[in-house]
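Q: Protein chains in written order, with our numbering: chain C, 41 to 155; chain X, 174 to 494.
Just so you know, these hints were derived from the structure itself, not from any lab.
Treat the hints with care, since some could be wrong.
To be verified - Here are the simulated lysine to aspartate or glutamate pairs, DMTMM-like style, with alpha carbons at most 20 Å apart:
1. X/Lys198 <-> X/Glu239
2. C/Lys84 <-> X/Glu235
3. C/Lys80 <-> X/Glu229
4. C/Lys106 <-> X/Asp200
5. X/Lys238 <-> C/Asp45
6. C/Lys115 <-> X/Asp207
7. C/Lys74 <-> X/Glu211
8. C/Lys97 <-> X/Glu239
9. C/Lys112 <-> X/Asp200
10. C/Lys84 <-> X/Glu221
11. C/Lys84 <-> X/Asp234
12. C/Lys84 <-> X/Asp207
13. C/Lys71 <-> X/Asp207
14. C/Lys97 <-> X/Glu199
15. C/Lys106 <-> X/Glu206
16. C/Lys71 <-> X/Glu211
17. C/Lys106 <-> X/Asp207
18. C/Lys84 <-> X/Glu211
19. X/Lys238 <-> C/Asp52
20. C/Lys106 <-> X/Glu199
21. C/Lys84 <-> X/Glu182
22. X/Lys192 <-> C/Glu102
23. C/Lys97 <-> X/Glu221
24. C/Lys71 <-> X/Glu206
25. C/Lys115 <-> X/Glu221
26. C/Lys71 <-> X/Asp200
27. C/Lys84 <-> X/Glu239
28. C/Lys84 <-> X/Glu229
29. C/Lys71 <-> X/Glu229
To be verified - So the derived list for chain C, only partly shown, Cβ under 8 Å to chain X, looks like this:
30. Tyr67
31. Ile82
32. Glu85
33. Thr86
34. Thr87
35. Tyr89
36. Ser90
37. Arg94
38. Thr109
Even for Gly, the Cβ is constructed at its ideal location relative to N, Cα and C.
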Amino acid sequence: MISSDVIRGYNDTIILYLLLNEASYGYEISKNIKELSDEKYIIKETTLYSAFNRLMKNGYIESFFKEETHGKRRKYYRITQAGIDYYREKCTEWELTKEVINRFVREELINGNNH
Amino acid sequence: METIINYLENMFATLPKTKQMNSLKEDLLANMEDKYNELKRNGKTENEAIGIVISEFGNIDELVKEFGIKLEEKKEQLPMLTDDQVNKYLEANKKMSKVIGIGVFLCIIGAAVLILMIQLSEDGLLTGLTGDAGAIIGLVPLLVLVALGVGLMIYSGTTMERFKYIEDDFELPTYLKKSIENKMEAFHPTYTLSTILGVVLCILSPIALFMAVAFNNYSILLGVVILLLIVSIAVYIFIYFGSIYTGYKKLLKIDEYARVNKENNKVINAVAAVIWPLAVAIFLISGMVYHQWHINWIVFPITGLLFAMFSGAYNALNEKD
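Extracted from the complex, chain X is given alone in its bound form (with noise of 0.2 Å):
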């Protein structure tokens, strides 16, 4: 009987919450119990009684027709997405997060480069250069680096416009829905792995630094440099199995991309795409002009810490019961 229920709750879930609606799916029941307890006592099986009353049961469109129904409401479905446009997405998204995790790799050593000519010139040991001198020629690498970086991040930026629709609302097919829950799940391990390794790596990272203060015939600055390196690997990390795993939750609407959410994450991005170039800028004004270098990237993690307790804290602010 749970059955028949629940077939005729499906039939009329397109169909307006009215009085009259609801007063004709009661009549429908008791006709359809009514049937459905003849055909038990006549001996027919649990199934058997089921499939006779389902396929007795009609087309709803008759009854749509004849009550004069306006489906006003079904103008406001959401396009339903297709496989073959889940499969493409999750396929570029894979790809181009590479993209940026590269981009970003590349940006950060190329400030890793910029601090190496400081101290190989301070150093003496680009001939005849200065420190200013070789701050002046790293910005060279530096810039190359960053325009590079930044390309690719445009590159997968205009790649994944065609996957606008993602962006907007849509509905999933129950199928398709379960098929990306399990590429989801099974992603999982894969990507609490990563995050661990990048953690790992970000807190190990100062002990070069440490090591460069430890022994004095090493400078300060080559720790930075390694750090740097070291931090852009996990950075790396963090980007690639991160975009992988947003790439899924974007799909199935979940945690900050579920719908109540969109507004929120509208400021949090605007945010963001100020906060960013100001710590860059920062970073270079400090180091250029006042030379700061062995301890101006600390802007960085701090910049980082500062925006992550901004979105939280936006969030839950703005959170709806």
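Next up, chain C with everything else stripped away, as it sits in the complex (with noise of 0.2 Å):
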């Protein structure tokens, strides 16, 4: 399980990715997260619905309803061109803190078992 502090700086860049292709709601999005992660990561309600706001207010990520089949109305997120474009950027910045961190890693060091 990864603490939430260490990927709090990117919670924004996992939900935009999940956005990527096509719309989607609270709930499938946290499920999508945990599944892609083999369940490493589960995201906790109020950090996501923290994210949503955040993302919102900085225009990355709009919110419009959506019928469901069985007739219920449901909040779903779609990313903007600035989202896009950001998450972008947050990849680019993810690629030069994995390279800095990783000078810092004694692989030796590492107990095969945690992984």
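From these two lone chains plus the hints, build me the complex, please.
A: Next comes the structure, spelled out in structure tokens:
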């Protein structure tokens, strides 16, 4: 399980990634995060909705309502052009972060059981 | 699902009830409901599903920070009483109920002694004293007993001063409230019984007077003395058990101690502070100057009755629906 402290700066990236191809709603996004991370990261409700609020405020995503087949109205989120640009920025930032942090990782000290 | 809704309501209880917060709450609920339904579909039990949904909720502070919610309302939060404060108050209240009860008892006994002295000197049992002299000598024990009684009341008043916070607004943790309610419930039969005993004593007390009248060789004043003795015992019972009961009511803020009734109590207390000393003054003057000892004690039941009528009417008129 990943600590929420470490991943905090990348919740936005994760959510934007999941919205790149199609619009989605709260539970679907959190379920996809859980599945794609092999259940190593389960996003908390409060974290998810804090991120939605932040992303909307910055204009990276927008919300709309969609009728489900059985008549239930659901709030969906869709990525904007600004969101795509921001996502690209964050990916570049991560490449750099990864490269830098990797220089401070001593491979031979990592306990293989933790992987 | 009920549990999850309640949990969410609790989480939002301290947050301002704005449109934004309501819509956020709805979003969160929809999300939690989706998760709950899927867990149930995958064969989880009700409890397991609720447990997982709640454990994955997160921390409400995160939302507070993100939405920049100002929790100004939080400042108005009332002080929370602890077990220790409540137990110490109940203990002191019980002890001081006894002290006040004895104080009032002594004051009434003082009046009884005064009348007794008058009777004794009228009967010529106090050598060489006339009725008036007896009245004056009777004043000495009256004053001593009243001083003692008032001293006890002041002592209990200053002791209870430490628990002033009980008079102010406060909150009780739920478990503590429950425990006080249980204690009050347990005390209720004792309280009812003591009230009945007190009322029966009061109703029966004039018998002493009738007896004194019926057997002509006994003086009516002796009857009054016995009546006062019985009444003083009844009053002690009323005060002792009544104050203990009042202690619970104050803690639970019910009846006359409910928040809305506080203002009314102030007025009623102010009237009481005037009317009762006035009754004592009438009692003493009518006795000392007009020699009405056989009947003037009636000012006390009359005052009590009028006062009860006043406070009842006052509360009824000021009641806000």
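Q: Take the C-alpha atoms of C/Lys84 and X/Glu211, compute the straight-line distance between them, and say whether it is at most 20 Å.
A: holds, 17 Å
Q: Is the Cα-Cα distance between C/Lys84 and X/Glu229 20 Å or less?
A: Within the cut-off at roughly 5 Å; holds.
Q: For a C-alpha distance cap of 20 Å, please report whether C/Lys112 and X/Asp200 respect it.
A: Status holds; Cα separation ~13 Å.
Q: Do the alpha carbons of X/Lys192 and C/Glu102 lie within 20 Å of each other, as the hint requires?
A: holds, 18 Å
Q: Quick check on C/Ser90 please, does its C-beta sit within 8 Å of some C-beta on chain X?
A: Because about 4 Å separates C/Ser90 from the closest Cβ in chain X, which is inside the 8 Å limit, the hint holds.
Q: Between the alpha carbons of C/Lys71 and X/Glu211, is the straight-line distance 20 Å or under?
A: holds, 10 Å
Q: Check the hint pairing C/Lys71 with X/Glu206 against an upper bound of 20 Å on the C-alpha distance.
A: holds, 13 Å
Q: Take the C-alpha atoms of C/Lys97 and X/Glu221, compute the straight-line distance between them, and say whether it is at most 20 Å.
A: violated, 36 Å
Q: Does the alpha-carbon distance linking C/Lys84 and X/Glu235 stay inside the 20 Å limit?
A: holds, 10 Å
Q: Can the hint on C/Tyr67 be confirmed by a CB-to-CB distance to chain X that is less than 8 Å?
A: holds, 3 Å
Q: When you check the alpha-carbon spacing of C/Lys106 and X/Asp200, does it fall within 20 Å?
A: The given pair, whose Cα atoms are some 14 Å apart, holds under the 20 Å limit.
Q: Hinted pair, alpha-carbon criterion (20 Å max): C/Lys74, X/Glu211. Please report holds or violated.
A: holds, 14 Å
Checked against the numbered hints above, the structure breaks hints 23, 25 and 38 and satisfies the rest.
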